[in-house]
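Participant: The primary structure of each chain is shown beneath.
Number of protein chains: 2
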Amino acid sequence: MRIKMIWLLTGLLVGAAGCSEQATENQNTESAEPAANMVEAVYRDEPIKPIQPANVENPKYVELGKKLYFDPRLSKSGFISCNSCHNLSMGGTDNLKTSIGHNWTKGPINSPTVLNSSLNLAQFWDGRAADLKEQAAGPIANPGEMAFTHALAVDMLRSIPGYVAEFKEAFGKEEITIDEVTLAIAAFEETLVTPNSRFDLWLKGDDNAMTATELAGYNLFKSSGCVACHSGEGIGGNSFQKMGLVEPYHATSPAEGRSAVTGNDADRFSFKVPTLRNVELTYPYFHDGEADTLTEAVDVMGRLQLGKKFTDEENAQIVAFLKTLTGDQPSFQLPQLPPSSDKTPRPEPFAE
Amino acid sequence: MRIKMIWLLTGLLVGAAGCSEQATENQNTESAEPAANMVEAVYRDEPIKPIQPANVENPKYVELGKKLYFDPRLSKSGFISCNSCHNLSMGGTDNLKTSIGHNWTKGPINSPTVLNSSLNLAQFWDGRAADLKEQAAGPIANPGEMAFTHALAVDMLRSIPGYVAEFKEAFGKEEITIDEVTLAIAAFEETLVTPNSRFDLWLKGDDNAMTATELAGYNLFKSSGCVACHSGEGIGGNSFQKMGLVEPYHATSPAEGRSAVTGNDADRFSFKVPTLRNVELTYPYFHDGEADTLTEAVDVMGRLQLGKKFTDEENAQIVAFLKTLTGDQPSFQLPQLPPSSDKTPRPEPFAE
Numbered sequence: 001m002r003i004k005m006i007w008l009l010t011g012l013l014v015g016a017a018g019c020s021e022q023a024t025e026n027q028n029t030e031s032a033e034p035a036a037n038m039v040e041a042v043y044r045d046e047p048i049k050p051i052q053p054a055n056v057e058n059p060k061y062v063e064l065g066k067k068l069y070f071d072p073r074l075s076k077s078g079f080i081s082c083n084s085c086h087n088l089s090m091g092g093t094d095n096l097k098t099s100i101g102h103n104w105t106k107g108p109i110n111s112p113t114v115l116n117s118s119l120n121l122a123q124f125w126d127g128r129a130a131d132l133k134e135q136a137a138g139p140i141a142n143p144g145e146m147a148f149t150h151a152l153a154v155d156m157l158r159s160i161p162g163y164v165a166e167f168k169e170a171f172g173k174e175e176i177t178i179d180e181v182t183l184a185i186a187a188f189e190e191t192l193v194t195p196n197s198r199f200d201l202w203l204k205g206d207d208n209a210m211t212a213t214e215l216a217g218y219n220l221f222k223s224s225g226c227v228a229c230h231s232g233e234g235i236g237g238n239s240f241q242k243m244g245l246v247e248p249y250h251a252t253s254p255a256e257g258r259s260a261v262t263g264n265d266a267d268r269f270s271f272k273v274p275t276l277r278n279v280e281l282t283y284p285y286f287h288d289g290e291a292d293t294l295t296e297a298v299d300v301m302g303r304l305q306l307g308k309k310f311t312d313e314e315n316a317q318i319v320a321f322l323k324t325l326t327g328d329q330p331s332f333q334l335p336q337l338p339p340s341s342d343k344t345p346r347p348e349p350f351a352e
Numbered sequence: 001m002r003i004k005m006i007w008l009l010t011g012l013l014v015g016a017a018g019c020s021e022q023a024t025e026n027q028n029t030e031s032a033e034p035a036a037n038m039v040e041a042v043y044r045d046e047p048i049k050p051i052q053p054a055n056v057e058n059p060k061y062v063e064l065g066k067k068l069y070f071d072p073r074l075s076k077s078g079f080i081s082c083n084s085c086h087n088l089s090m091g092g093t094d095n096l097k098t099s100i101g102h103n104w105t106k107g108p109i110n111s112p113t114v115l116n117s118s119l120n121l122a123q124f125w126d127g128r129a130a131d132l133k134e135q136a137a138g139p140i141a142n143p144g145e146m147a148f149t150h151a152l153a154v155d156m157l158r159s160i161p162g163y164v165a166e167f168k169e170a171f172g173k174e175e176i177t178i179d180e181v182t183l184a185i186a187a188f189e190e191t192l193v194t195p196n197s198r199f200d201l202w203l204k205g206d207d208n209a210m211t212a213t214e215l216a217g218y219n220l221f222k223s224s225g226c227v228a229c230h231s232g233e234g235i236g237g238n239s240f241q242k243m244g245l246v247e248p249y250h251a252t253s254p255a256e257g258r259s260a261v262t263g264n265d266a267d268r269f270s271f272k273v274p275t276l277r278n279v280e281l282t283y284p285y286f287h288d289g290e291a292d293t294l295t296e297a298v299d300v301m302g303r304l305q306l307g308k309k310f311t312d313e314e315n316a317q318i319v320a321f322l323k324t325l326t327g328d329q330p331s332f333q334l335p336q337l338p339p340s341s342d343k344t345p346r347p348e349p350f351a352e
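Protein chains in written order, with the working numbering: chain A, 1 to 352; chain B, 1 to 352.
One thing to keep in mind: the hints can contain errors.
As the list makes no split between identical chains, a pair holds if one copy fits it or if it spans any two.
[What the hints assert, rightly or not] The calculated DSS-like cross-link candidates involving lysine-lysine, where the alpha carbons are at most 27 Å apart (straight line), are:
1. K323 / K343
2. K343 / K309
3. K343 / K60
4. K309 / K106
5. K308 / K173
6. K168 / K323
7. K308 / K343
8. K60 / K309
9. K173 / K67
10. K323 / K67
11. K309 / K242
12. K67 / K168
13. K106 / K343
14. K67 / K343
If you are wondering where the hints come from, they were derived from the structure by calculation, not from laboratory data.
Quick caveat: nothing in here was measured; it's all calculated off a predicted structure.
Based on the provided sequences and hints, a complete structural model is requested.
Facilitator: If you want it as structure tokens, here you go:
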């Protein structure tokens, strides 16, 4: 088995317990006086690091991006928005095996969660987009997803006075292009991190944040080798791995994975390791969405990736651990979208 | 022309100007000491009354109903929620001519706004549902909309521990039925009123809330006869009227209107008069959604309902008035939905 572990920010991982107050204090003073009064964040020495709160550099991008994220006018039909398949009421997913696109098209692959996606080494299951900005451009123009074009999306936005004003306010220029659109969406998505899971509280030193069963599950997660790929702040998302390492996986998805990007045959059926953050919310599992439950997913992963058959008790312990990974969900007011003007092209949900 | 005007709460309409402070004070003290200190709400003597803030009787129903409203698991596909077609980011509509339902079914009629729908004399364009609770049951089980059944919807909810606990907390009993589901959704929808439009501020005495053009439009709206049907707190929603009174309307919708409910041939093509509240946001217009703009809608209404051809200037004045009817939009945190359990039946978006 190829182990490609990335120890993110290992330098910050200092073994310590009972330090939750210090960690909290550090968060609260992060923008106050530097150096002398700063308390270094101290966490337990584990291969997983607590999620850090989002560092919002440009709130205007974020507010604009939030509207765009919820705006179905970025699709040909006027019916599908980013939030349709990456629903922020449902763990940043659609909880479907594969997504529904324009004209009820069955998508080829499971929609990954947008939560904590800024921590991924690349975007999409095959990593074909370098970052969230590049990713955001994809679904808008994909005929099986939002089925629009970048040109039509930009035309639509330019026709809406509320958007024109907001783009100008955010970017300081008159002209809207797809670059500003995807930059704003990415800026919003970067805020969608989920700190304060019970596991993170435990990492920060709160011994009461996890039960004995959950801790036993975490220890199994480490000792069995799950953590080899599911590590770092995202507990995944930082490497590509072959799906079906010890035994082959018979996917229902046609996706070939990383080889579609690298052209390298050795990368066939290699996919980005998904984050396990909020995994209780992001069912069904795997790139084809064929595992309905965590119990099934843990069983399949154990056998196919690790050559290990977990007992029912072991499986239940690992599942209990995984359920401690649900963090603070996105919390904001439902955005209000600026209305179309008389000049705004109307959606065409039923046009050929 | 048949004039069927309902003067809602005429007794409260006392001619007065410059009384905005009193009106505000009344709102702020409505739950304080009764009688002696109460200032009677005093508004200008007009056929339209300001929207009152929602009177929330049971916040637990509302919070539960909000989740249900946003939950696509109430549809067969797991993809369509109440908010899909009555989008609270978009004036409580989908801004489509007619809606998209299960399997991309083209709906037969335009989705009316959910905003202020509690003020309607009945629900749906043909008034076939007496109230919001009865209405909420319709789309869930409509094969061309959410395509589910009440039994399956209830099974789904019963399988989700988070919902079970919340229903018990709200209704004080173990068993969930479709009655509690629709009651909670209706309770949430009753909160979706939109007070404080500029026109309402003017009604309450603020002379600066409207421009001269907008006031000229309002005067035309009254003198031309629009107000005969678009009156009351909802500025519509309180009567059924024939579409195409002076000249016939050639609808693209197959809907026959009120006659489908009454069985009375005289009611053919009679529809509930839509509210004009937030009309700038609720395009396109008419039961078939064929009028894309307010300019077009005002022109058609003038000719077909009133036998009057508005000049461009008159039309523009009325449109300017209509744009003062946008009130405070729903303002709440995006709800977080309780996750499915292992026992929850999975959606079947592509099943026959």
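Participant: State for each hint whether it applies.
Facilitator: These are the hints, each one checked on the structure:
1. K323 / K343: between (49 Å within a copy, 16 Å between copies)
2. K343 / K309: between (62 Å within a copy, 23 Å between copies)
3. K343 / K60: within (26 Å within a copy, 43 Å between copies)
4. K309 / K106: Neither: 33 Å inside a chain and 49 Å across chains, both beyond 27 Å.
5. K308 / K173: Neither: 58 Å inside a chain and 45 Å across chains, both beyond 27 Å.
6. K168 / K323: between (43 Å within a copy, 24 Å between copies)
7. K308 / K343: Between copies only: 26 Å across chains, 61 Å inside a chain, cut-off 27 Å.
8. K60 / K309: Answer is neither; intra-copy 50 Å and inter-copy 45 Å both fail.
9. K173 / K67: within (19 Å within a copy, 39 Å between copies)
10. K323 / K67: Intra 31 Å, inter 22 Å, cutoff 27 Å: inter-copy only.
11. K309 / K242: within (19 Å within a copy, 70 Å between copies)
12. K67 / K168: Classified as within: same-chain Cα gap 15 Å, cross-chain 35 Å, threshold 27 Å.
13. K106 / K343: Between copies, since 24 Å is at most 27 Å while 33 Å is not.
14. K67 / K343: The answer is within: 20 Å in one copy meets 27 Å, while 35 Å across copies does not.
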